[in-house]
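Number of protein chains: 2
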Amino acid sequence: MRKSIATVSVSGTLQEKLVAVAEAGFDGVELFENDLITTALSPAQVRRQAADLGLTIDLYQPFRDLDSSSGERFRANLRRAERKFALMHELGVDTMLVCSNVSDDAVADDTLLAEQLHTAAEAAAAHGIVLAYEALAWGRYVDDYRHAWRIVERVDHPALGTCLDSFHILSRGSDPAGIRKIPGAKIAFVQLADAPLLAMDVLQWSRHYRCFPGQGGFDVVSLTEHVLATGYDGPLSLEVFNDVFRKSDNRRTARDAMRSLIALEGDTARMATGEPLATPQHAPTPTGFAFAELAAPPDSGVADLLRSLGFRHTGRHRTKPVQLWQQGDARVLVNAGGATPQLSAIGLESPDPERAAGRAEDLLSPVLPREWAPDEAKLDAVAAPDGTALFFCRTGHDDHVDWQQDFLPVAGTTEREAGVTRIDHVALSQPWNQFDEATLFYRSVLGLQPHDIVELPDPYGLLRSRAISGPGDAVRIALNVAEVRDEEHITEPPTQHVALGCDDLIATARRLHANGVPILAVPDNYYADLEARFELAPELLADLRELGLLYDRDERGEYLHLYTKTVGQVFFEIVQRVDHYAGYGAHNAPVRLTVQHAGGH
Amino acid sequence: MRKSIATVSVSGTLQEKLVAVAEAGFDGVELFENDLITTALSPAQVRRQAADLGLTIDLYQPFRDLDSSSGERFRANLRRAERKFALMHELGVDTMLVCSNVSDDAVADDTLLAEQLHTAAEAAAAHGIVLAYEALAWGRYVDDYRHAWRIVERVDHPALGTCLDSFHILSRGSDPAGIRKIPGAKIAFVQLADAPLLAMDVLQWSRHYRCFPGQGGFDVVSLTEHVLATGYDGPLSLEVFNDVFRKSDNRRTARDAMRSLIALEGDTARMATGEPLATPQHAPTPTGFAFAELAAPPDSGVADLLRSLGFRHTGRHRTKPVQLWQQGDARVLVNAGGATPQLSAIGLESPDPERAAGRAEDLLSPVLPREWAPDEAKLDAVAAPDGTALFFCRTGHDDHVDWQQDFLPVAGTTEREAGVTRIDHVALSQPWNQFDEATLFYRSVLGLQPHDIVELPDPYGLLRSRAISGPGDAVRIALNVAEVRDEEHITEPPTQHVALGCDDLIATARRLHANGVPILAVPDNYYADLEARFELAPELLADLRELGLLYDRDERGEYLHLYTKTVGQVFFEIVQRVDHYAGYGAHNAPVRLTVQHAGGH
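Going down the list, the protein sequences come from chains A and B. Heads up: the first sequence is residues 0 to 600, going by numbering that gives the first Met the number 0. Heads up: the second sequence is residues 0 to 600, going by numbering that gives the first Met the number 0.
Hints were generated in silico from the structure; no laboratory data involved. For clarity, every value in this text was computed on a predicted model and none was experimentally measured. Beta carbons are placed, not taken as given, at the ideal position from N, Cα and C, and that holds for glycine.
In silico contact screen, one side only, chain A against chain B (beta carbon under 8 Å); selected entries: (1) SER247; (2) GLU482; (3) ARG484; (4) ASP528.
Just chain A, with the same shape it has in the complex (with noise of 0.2 Å):
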């Protein structure tokens, strides 16, 4: 399937935006009009560059408002068409898109459209050009794919096919379904984009909101899936307004683009034939923690902490300063390295770490060097796109190496052992440009579910969280965007955390007290609204207080957590999950967040 990509969606002038594009593999160009008026470039020069790229255009969009009630209007929008045709002649590009009409002369009727597209239709036929007859979700009068399929089905030209745009058909709420009465010749071009699901102004929404195939809220693959079945063989090509992207990197934006587009034909060519393609390979979903990584330089009070957490220190590895520490059944390595404590590396259980790897690279995550002594452990590791490095484990099976080997047994022991059995989640702060991208590496890549956004109130702004969860909730990963204030108030680094799961959080919490781990400190006046709202038994809430926990509940279960101070840029979050809840106790962010500004931390 050929990839292609409207100028419009990464930023830079014309050229940065071709070379990107081109770098980031893509066939192919929808050129956008405002990118060619702004240009220096002549058309000529920009044809001759787009093919030094390797890139064909593959469509000059948009071409608004050709329809007219009014003949004298008709006829003037006409030459304006002519016009764009000798250009296209020049740039080489044999396609044009026409947005159904939004202003309030569009025809209103579907017998003089049908001429009108017909008259057009021939005018392109006579410069060798085909023209794409797209329904915008505002349009005045055509503003369904149907609508816009019927009028092409009725003018019956050559030179006039349909374009098909994601997010016009679903941002609308139409079925996509229908798509699979169109002949797959008269689709004469499609357009793909995902989008959040917002309820807003759609005119808005699209013109800001859009994101790319897997990152947003639209069932995408089942469209895509419906056009690939008309037998269309024209280029999927992204087109995506987004204020972010415009001002992000378009070579990062660029790559990200092209991840979706592989990741989207890998789904839909599953979703078809119930095969995974050999490129996009298939791997399954992570099915556990097998370790957090710390990078942390000696001396940083971090194994003091670990300690204090009732960690034991079991491993040394066999080659590299790396320390392995063991509560139930969470590990946490200790890198000596970097100059602030910090969270470096994940390590994920997979049943196949080789596939999981290979799904990893060719979906163009950057598979992490490594060196390996002859008799080591391959580990494989890809690095996330806030730089995390992800290590693929299959940790205490027969049927593959197990990574703990490379550790020699450290005969530790602890008498603080505090009840932790395992790691329930990691939250990970994320840059504010790379939301979008980090749902779609998790989604596609590990094949995780994103929930919804929430937002937490932070006293010098935002914190936007989106939890991502495999099958089970085994792994959870909770992304953070801070939109807070960056000046002399607000120094601190983004911190990322590690949350250690427990079964009895006040057992646990009352040796952590007595092991002496520094503990956020927890405002009285949080209990006392505690006790406004849940009606918690006296002992319950003395507890809460006393250990300086704090508490949820929904109609699943409750939750109990607290916090230690942060080390470094890391700190730890110790939870009990009662039930089913499946939250990360949201409601009392806001209440982490000012202590830890505060200076609590």
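Dock chain B against chain A, hints included.
For chain B alone, kept in the frame of chain A given last:
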């Protein structure tokens, strides 16, 4: 009128908020529950801190979902309310905001709802507390202020009044005149907020886009006039949820909030009585530009640029290193200072400069310190939000000292006069988080009218632009906010520009070319598009292309314009308005921005 503000309206910890609000001169606060829960201060300490700062706590808010179709749930809610009553006693606050229920178990029957509110009012009365019942625009059953009032009227209890919130009323398009039917004594609280007119989900609109009265599109003045006509004499309180304010400097936000309330108070009084208040005093709107002032180091090229633009050096300041340059009625001062050329000040013609400055001061604008020699004109100046100095001038009238008298004539001549007749407008770049503040400033301090915000694509982001103008467009200011990547590609500082008007731009442009003015190059593709869109006469098109002119046309007239290259942080635009064209050539802005980014500046 007592002035109050909700703590949620400004950023920071509770302590920081109280300090900022007190410094801005507020009388009291609404205490947002979340701010209490997250502070380490006890309720008694909060009460004391507020009192020490001269602030009363006027409202505790919000109490959500009080009523319930389940009797058991209602009893639990009452218990929850009781806990808050006790807390309010410690805080010393006697009014609690009760929002209409948004949950599934909201009572959907006026009789039962009135019964439950009566029960709650009885409980509140026992604590000396009044409940202020408010219809949220997205309430499940009660979503209109008239409905909330009907319930309150029906309950008829001294401990139950209604709370009016301008956002909830005006966002629904309800007629606020119905407020006049409510006895003032039954209005327990009044919350004011403005908002831009957006077509989006009202909950999201409310939570993220509220702004201070005068910054948005609501008629808060009329609503307030209705409120005051009822005899209501409680506080007017600002409750604003705004993503930008959340992460902005809280002192600045609080001062802006106070400016908004002072202006609102004045406007409301004028609406009610036809007479202005003593404070803020009324002042006439500016009637034109007296001058634009550039700060520029010597040899920066500004003098050469002005000369080539056809200006004549006509005066030098008697005591300061300031030159007066003139062409037609366009006057430019060049102040020998600063590291790089920039637009530092604007002189505005005012029929009454003293009152204009007095009003600005009443509205908390920083009055700029000036030193005058004994015989100099005492020019009053205030700082606009972006730091630009605004001078109030009365040029060439016998009733007022003319600022030009401070300039000694210079025997400058020119043979390069180019036909510039006036300053058409100035364009000022605004910091990203001061767009609302600037809108309020120009509207309330100067009496100018803001127009719609337009979005202009930039190769590395978006520019948002809002024009502000006075009667007859004698004063036009364009406020621009660049939402543009600030990485390695984009190192240009924000630019301001001065647009000079002329009556025949083609003739003027020929002179400018002959004078050697460095004019921004316009891509040839732009002219091909212009020809396609407008069917311009070939001679006109040839002239535009030859001279590097941009062109726009709408139903009111035509606009021809060109740009000089940038000197330091400022450039000039030369414009010709044909007939009644009132815009700024927004369609052409992407061309300018792309060429400027590409180094054509």
